[in-house]
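> Chain by chain, the residues:
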Amino acid sequence: MEILLDPNVLLIVAGCCLLGISSGVIGVFSFLQKKALFSDAVAHAVLPGVALAFILSGQKNPLILIAGALVSGWLALASIDIISSKSKIKPDTAIGIALSFFFGTGILLLTSIQQSGAASQSGLDSFLFGKAASMQQYDVITFIGFAAVLIIVVILFFKEFKLIIFNREYAISIGLPVRTFDLLLSTLNVLAVAIGIQSVGVVLMSALLISPAGAARFWTNDLIRMLFLVAVSYRSCSRECQPVRGSLWCSPFLWWAAYFLLRSRAYWPGAGKAKPIQGRSTGKIS
Amino acid sequence: MIQHVKDPIIETHNLTVSYNANPVLWNIDFTLPAGELTGIIGPNGSGKTTLLKSIMGLVPLSSGFVKIFGQSLENVRDKISYVPQRETVDWDFPASVLDVVLMGRYSRKNILRSLSREDHSIAQESLEKVGMQDFAKRQISQLSGGQQQRVFIARALARQSSLFLLDEPFTGVDAASEESILNLLIDMKKEGKSIVVVHHDLHTAKAYFDWIVLLNTRLVASGPKEDIFNTELLQEAYGGRLTLLSKVGDLLKQESFPIREK
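For the protein sequence lines, the chains are A and B, in the order given. When you line the first sequence up against the numbering used here, it's residues 1 to 286, in that order. When you line the second sequence up against the numbering used here, it's residues 1001 to 1262, in that order.
Mixed in with the good hints, there may be bad ones.
[Said to hold, decoys possible] Lysine-lysine pairs mimicking DSSO-like chemistry, simulated, CA-CA at most 27 Å apart: (1) B:1067 x A:34; (2) A:159 x B:1137; (3) B:1129 x B:1109; (4) B:1079 x B:1109; (5) A:159 x B:1190; (6) B:1189 x B:1225; (7) B:1190 x B:1129; (8) B:1206 x B:1189; (9) B:1109 x A:159; (10) B:1067 x B:1190; (11) A:159 x B:1079; (12) B:1193 x B:1225.
The hints are simulated quantities; they were obtained by calculation from the structure and are not laboratory data.
Can you make the complete structure from the sequences, with help from the hints?
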């Protein structure tokens, strides 16, 4: 127990909690937009941005790395958009193309950093698989700041995000600036990934975004409750496993939790999919 | 036959819309009267839904303009309720019936504000008008097609506007629901609202609407229903399909007699 009271541990736990909450909350929106894999692509695509930012600046300042991550994450989103709208390639293939291209470039840059023998490169490879314990105080404070901004923006525009995801054409018809909100939502998505990779790494970032949302959806039919569930599940699980065993354990844990919930959905009384007979049949036939 | 009206509620002039260089609507020029139940009718792919979307500014116009209440759309958005096709949304979305109806109270003016108590009571009233008040807490995926459609209409009612544009409200709905939705529309008309409905069923159109717009990429006819429902105009709109039907009818008539004649 003593290790849990160590100030360093507490700081990192606090940081991870907020990271988990913010990315979980953003993940709910991309899950509902059926864009879960977009987040995965973005998570992989931030790697070259991080590596390039390090090569150009020569330091591990989180602000610079986040800026790099934002740029390449955005480029990936834009390229998926352009590929799927300007060619016959469908979005799923476009995601695959962007993901492998950006991730490959990132690995290439990372390898060249490691071979250049830069003194301060230690810890940069933790972006690949994540290592919450490598966070320093300044990093944590920066991440907490960004995570707080994310959560506040979601609270402010919750109503509009909900409407745009549910019924886009109606949102346009009542005159909401839908394109601005689209832009905001994808920026939040990229930002959540950019600050989250420190704790779980690019490879498992999608677990931090998607699986809590997927699991929470089976627990409740209410969007607000869903967001709270995602946030709470993260706090409890990160408290147990993050500082001690490293964050890597966190993701498989959630994955299994989600899987378990999927299998047992018939037993959850309040869940939307728990009543397939009523919902499905009347919806389609009548 | 295109009949124009004075002080139209909707006026389109020279309206052309195309997807990938294929025109979906070509040179549409009509005026619709206020306070009436108008049906937009035509075969599949005739541009009915596109016409509604172009009125609401949801698709880019290749040429022409739309005027609503004699003004451009931006000035009168708050007076119009648009009810999209039921199939266009994901009914598994985590929202209750009341959540969806409350969306009718969203507008550009309350982006950063939460909904007031008045908004909630208006939403509740709208639910009562469509007879769905007992379902307020129900998850939207657990509704039948007709109930989903009524929830959509309640959301439109919550906007308290004077012009309603409904896209295929009678599709995928059982006969009882169809009747209750129709009665709802008639009640709205009695309150002085103007209603425009995209409809695909030729058989019921004459009974349901006062004013009819016949569409087949081009505008075939627009006028009071008594003037529109003649074989000539319907054949022009439905083309081959209608002639096929009448030909089959002719053949059947001929074949039922030849034995006796010999």
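> With reference to the structure, classify each hint as holding or not holding.
Evaluated hints:
1. The hinted pair formed by residue 1067 of chain B and residue 34 of chain A fails the criterion: a straight-line CA distance of about 36 Å is larger than 27 Å.
2. For the hint linking residue 159 of chain A to residue 1137 of chain B, the alpha-carbon distance of about 18 Å falls within 27 Å, and the restraint holds.
3. Our distance criterion of 27 Å between C-alpha atoms is met by residue 1129 of chain B and residue 1109 of chain B, whose separation comes to about 26 Å.
4. Only pairs whose Cα atoms come within 27 Å are accepted, and residue 1079 of chain B paired with residue 1109 of chain B is accepted, the gap being roughly 14 Å.
5. Among the hinted pairs, residue 159 of chain A with residue 1190 of chain B is inconsistent with the structure: their alpha-carbon atoms are about 33 Å apart, more than 27 Å.
6. Annotation: proposed proximity of residue 1189 of chain B to residue 1225 of chain B holds, straight-line Cα distance about 16 Å (limit 27 Å).
7. For the given pair, residue 1190 of chain B sits about 14 Å from residue 1129 of chain B by alpha-carbon distance, which is consistent with the 27 Å threshold.
8. For the given pair, residue 1206 of chain B sits about 17 Å from residue 1189 of chain B by alpha-carbon distance, which is consistent with the 27 Å threshold.
9. With a CA separation close to 13 Å, the supplied pair residue 1109 of chain B and residue 159 of chain A stays within the 27 Å bound.
10. As the CA atoms of residue 1067 of chain B and residue 1190 of chain B are separated by approximately 24 Å, the hinted pair is consistent with the 27 Å bound.
11. With a C-alpha separation of about 21 Å, the suggested pairing of residue 159 of chain A with residue 1079 of chain B holds against the 27 Å cut-off.
12. At roughly 19 Å between alpha-carbon atoms, residue 1193 of chain B and residue 1225 of chain B fall within 27 Å of each other, so this suggested pair holds.
Taken one by one, the earlier hints fail for this structure at numbers 1 and 5, listed in ascending order.
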